[in-house]
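**Q** Protein chains in written order, with my numbering: chain A, 97 to 261; chain B, 419 to 838.
Read the hints as simulated data drawn from the structure, not as lab findings. Please read these numbers as outputs of a predicted model, since none were measured by experiment. All C-beta atoms, glycine included, are put in the ideal place defined by N, C-alpha and C. There's no promise every hint is true.
Claimed, not checked - Examples of chain A residues lying across from chain B (beta carbon under 8 Å, computed): (1) Gly156; (2) Ser236; (3) Arg252.
Claimed, not checked - Beyond 10 Å from chain B on every Cβ pair, some chain A residues (computed): (4) Val113; (5) Asn163; (6) Trp169; (7) Gln175; (8) Lys210.
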Amino acid sequence: MFNPFSPLSKPLLDAFVKAGKKYFVRQTYNRARDHFDQGIKGCFIFTHYAEIGHAQHHYGAISQDPNKFLYEWDNPEHQSKLNIAASKPSGYKIYATVFQRDWEKTITNQLKEKVRKYIDYKLGWKPGRGETVAFTIYVSYGELYAKLKLRAQEVRVKLEDIENL
Amino acid sequence: MFALVDCNNFYVSCERVFNPKLEGKPVIVLSNNDGCAIARSEEAKALGIDMGMPTFMIEEIIREHNVAVFSSNYTLYGDMSDRVMKILAGFTPNIEFYSIDEAFLDFTELKYDDLHQLGVKIRRAVTQQTGIPVTVGIAPTKTLAKMANRYAKNKKKDLRVHCLKDQQDINEVLQFTKVGDIWGIGRQYEKFLLKNGYKSAADLVKANDEWIRKNMSVVGQRMVNELCGIPCIKWEDEPPAKKAICTSRSFGHLVTNKDHLKEAISNYANNVALKLRSQHSCAKQMHVFLQTNPFRTEDKQYFRSVDIELPVATNSSNEIIQYAMKGLDIIYSTGYKFLKAGVIVMEIIPEDQIQKGLFDTVDRERNKIVMNTMDKVNKVFGRDVVRFAVQGYEKKWKLKAAYISRRYTTNIYELLTIKI
Chain A
97 MFNPFSPLSK
107 PLLDAFVKAG
117 KKYFVRQTYN
127 RARDHFDQGI
137 KGCFIFTHYA
147 EIGHAQHHYG
157 AISQDPNKFL
167 YEWDNPEHQS
177 KLNIAASKPS
187 GYKIYATVFQ
197 RDWEKTITNQ
207 LKEKVRKYID
217 YKLGWKPGRG
227 ETVAFTIYVS
237 YGELYAKLKL
247 RAQEVRVKLE
257 DIENL
Chain B
419 MFALVDCNNF
429 YVSCERVFNP
439 KLEGKPVIVL
449 SNNDGCAIAR
459 SEEAKALGID
469 MGMPTFMIEE
479 IIREHNVAVF
489 SSNYTLYGDM
499 SDRVMKILAG
509 FTPNIEFYSI
519 DEAFLDFTEL
529 KYDDLHQLGV
539 KIRRAVTQQT
549 GIPVTVGIAP
559 TKTLAKMANR
569 YAKNKKKDLR
579 VHCLKDQQDI
589 NEVLQFTKVG
599 DIWGIGRQYE
609 KFLLKNGYKS
619 AADLVKANDE
629 WIRKNMSVVG
639 QRMVNELCGI
649 PCIKWEDEPP
659 AKKAICTSRS
669 FGHLVTNKDH
679 LKEAISNYAN
689 NVALKLRSQH
699 SCAKQMHVFL
709 QTNPFRTEDK
719 QYFRSVDIEL
729 PVATNSSNEI
739 IQYAMKGLDI
749 IYSTGYKFLK
759 AGVIVMEIIP
769 EDQIQKGLFD
779 TVDRERNKIV
789 MNTMDKVNKV
799 FGRDVVRFAV
809 QGYEKKWKLK
819 AAYISRRYTT
829 NIYELLTIKI
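I would like the entire structure built from these sequences, with the hints used as guidance.
**A** Here's what the structure looks like:
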């Protein structure tokens with residue numbers, strides 16, 4: 097699956113804290129899963145927040161996720177766990193909701209084809225000659241979304257819905 | 419001199435007028451769909467219930483402290499607001515209705531000797547005639563009046579009136595007001611000013627004019643002038659005509675059925691058309707959208723919108739509903755649980771400046787008569803008494819309002835009853 101995010105690292109974690117992002121929501125991240133790698137015990141993604149309210153909203157929105165957790169940097173126990181997560185522990189793939197540099201280059205032809213298929217079959221859009229469908233990706237509550245825009249129409253769906261076509 | 423009259427915890431006060439048992443008890447009013455706290459009594463504030471806190475986060479406090487909870491009852495609040503504003507209009511012909519619970523009064527042309535006493539009189543009149551407690555701030559500019567009002571709320575809790583008669587009073591309030599609490603200073607400007615060493619309004623008054631203009635534009639300069647007692651903010655006798663009108667609501671529960679969506683969107687479209695007619699304007703463009711609940715990450719997510727260009731600008735409900743239905747046909751997709759829909763009209767122009775179409779087949783004169791008649795009937799007999807069939811009666815998508823009070827002042831069947 098398409099994974100544009102950066103792995104969580106110590107410099108990244110320090111940068112978050114320096115910028116006042118002291119709340120982190122952990123959730124399952126299936127995009128990092130490699131089904132052929134038997135040694136992987138878990139894949140997670142951490143989303144950073146400056147305000148506890150926003151973090152709690154996110155936490156509430158992933159109520160079904162058995163791996164959800166809300167870390168507070170000022171809590172010493174949480175801080176130590178965050179540091180462990182940022183140290184790339186073996187058996188775990190841990191990411192932060194920060195796009196990698198040049199992430200656009202990682203979009204595969206397969207994904208491009210799926211997007212084309214979605215536009216054609218699901219949306220029924222027929223762009224005219226010289227027209228392009230604007231395609232952007234954004235993240236919401238640790239989940240990737242696609243935004244497609246043609247003329248007066250706009251659609252936002254989970255990227256997963258396009259990938260699973 | 420200007421006065422800012424502000425109703426205290428307005429929605430809560432409206433509920434208390436008809437339910438005096440609530441005096442002295444923690445009370446909160448929830449937003450649409452009972453989502454979060456939007457008005458709190460002083461007792462509720464003391465319990466740590468913040469503005470905008472989601473209901474699920476305060477459930478425990480509500481249970482533990484027996485907090486009285488109400489769904490928002492805008493019919494009641496709108497009517498109570500009208501009553502308050504009518505009383506205020508009796509003190510001066512120059513009144514600016516700033517929001518549902520706030521109004522500026524301009525006393526510049528009137529000869530009141532003792533403005534502080536006048537403030538006390540205003541407060542007494544409103545409380546006596548409506549039961550709504552208000553706070554009055556009086557000052558040479560609108561921004562200072564806002565600050566005087568805030569000062570009265572914090573420092574003069576018994577009297578709730580504060581008048582800035584001279585420079586000494588102004589200095590005291592400037593000193594008291596933090597930069598972030600000045601009218602017109604948002605979060606980003608607050609951060610920026612604090613970073614540059616401006617902590618209170620008194621600090622900002624001393625700032626160099628050139629620095630203010632360079633970093634905060636002419637708007638910032640105007641604000642500083644206001645703090646110095648020079649009125650710079652325009653007086654608005656009538657609210658400016660809107661450039662876009664939106665009606666969007668979250669449904670009381672998730673909707674999958676297209677007929678229910680049709681009903682909801684046609685009601686929103688009718689609402690938008692009504693607002694257009696009330697400000698004598700027409701719209702040339704419409705935006706219709708539909709979305710699922712982004713907080714239910716386990717559900718399939720879908721947001722879709724479409725912009726529709728209307729051939730001739732209109733404010734007629736039947737036309738706007740018709741185009742909204744076309745929009746729904748384009749954006750609707752099966753298999754999703756929808757939470758919210760909305761209709762926005764844009765490119766608004768005065769109704770007497772419409773560019774008519776050469777091939778337009780709509781009988782606009784007839785439509786106008788129908789709309790006028792419909793509006794008149796609905797004004798007398800109640801909202802939506804006459805409606806379009808597509809608007810329906812079922813309203814299965816209706817907002818959640820589990821704790822709504824009665825419409826004591828506007829519905830004959832919901833009058834206050836007392837036992838003797």
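**Q** Measuring Cβ to Cβ, find out whether tryptophan 169 of chain A lies farther than 10 Å from everything in chain B.
**A** Holds: least Cβ distance 20 Å, greater than 10 Å.
**Q** Hey, does asparagine 163 of chain A actually stay past 10 Å from chain B on C-beta?
**A** holds (13 Å)
**Q** Go through the hint on arginine 252 of chain A and say holds or violated, using the shortest Cβ distance to chain B against 8 Å.
**A** holds (4 Å)
**Q** Quick check on glycine 156 of chain A please, does its C-beta sit within 8 Å of some C-beta on chain B?
**A** holds (7 Å)
**Q** Just checking, valine 113 of chain A versus chain B, shortest CB gap more than 10 Å?
**A** Given that every Cβ of chain B is farther than 10 Å from that of valine 113 of chain A, nearest at about 18 Å, it holds.
**Q** Identify whether the interface hint at serine 236 of chain A stands, where standing means a beta carbon of chain B within less than 8 Å of its own.
**A** Since chain B brings a Cβ to about 6 Å from serine 236 of chain A, closer than 8 Å, the hint holds.
**Q** Could you let me know if the closest chain B CB is still more than 10 Å away from the CB of lysine 210 of chain A?
**A** Label holds. Min Cβ-Cβ 16 Å, cutoff 10 Å.
**Q** Just checking, glutamine 175 of chain A versus chain B, shortest CB gap more than 10 Å?
**A** holds (24 Å)
The structure agrees with every numbered hint stated previously.
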